[in-house]
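Undergrad: Please put together the full structure from these sequences, using the hints given.
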Amino acid sequence: LLLLVFLNSRAGMRRRYIFFSLVSIGDILDGFYLVYPSIARLTEMSSGTFDGGQWPRWLFAFAL
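Counting from 4, one number per residue, gives the positions in the sequence shown under this note's numbering.
To be clear, the hints were calculated from the coordinates, so they are not data collected in a lab. You may find that some hints are simply not true.
DEER-style ranges, computed between Cβ atoms [what the hints assert, rightly or not]:
| no. | residue 1 | residue 2 | range |
| --- | --- | --- | --- |
| 1 | Arg18 | Ser50 | 45 to 51 Å |
| 2 | Glu47 | Phe23 | 35 to 41 Å |
| 3 | Gly15 | Ser49 | 47 to 53 Å |
| 4 | Met48 | Gly15 | 34 to 40 Å |
Even for Gly, the Cβ is constructed at its ideal location relative to N, Cα and C.
TA: Okay, structure coming up:
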């Protein structure tokens with residue numbers, strides 16, 4: 004149905020449709036990249052391989 008609307012629309016509407024389609028795809032990918040680390044962290048915690056996500060100790064040398 005959306006394809007028929009896309010094919011029968013004017014050029015301005017077509018550009019707007021493409022723009023909002025790309026924005027929505029970007030939002031979906033952004034949400035995935037925000038949620039995926041949480042899922043990975045929960046998986047590590049359940050399997051016992053999660054180390055707390057600590058920073059490397061050598062990095063603190065620059066903070067002094």
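Undergrad: Now tell me, hint by hint, if it's right for this structure.
TA: Results of checking the hints against the structure:
1. Checked against the hint of 45 to 51 Å, the C-beta distance between arginine 18 and serine 50 comes to roughly 48 Å, which is consistent with it.
2. The supplied range of 35 to 41 Å is met by glutamate 47 and phenylalanine 23, whose beta-carbon atoms lie about 37 Å from each other.
3. Distance hint check: the CB atoms of glycine 15 and serine 49 are about 51 Å apart, consistent with the given range 47 to 53 Å.
4. For methionine 48 and glycine 15, the hinted distance range of 34 to 40 Å is not satisfied, since their beta carbons lie about 50 Å from each other.
Checked against the numbered hints listed earlier, the structure breaks hint 4 alone; every other hint is satisfied.
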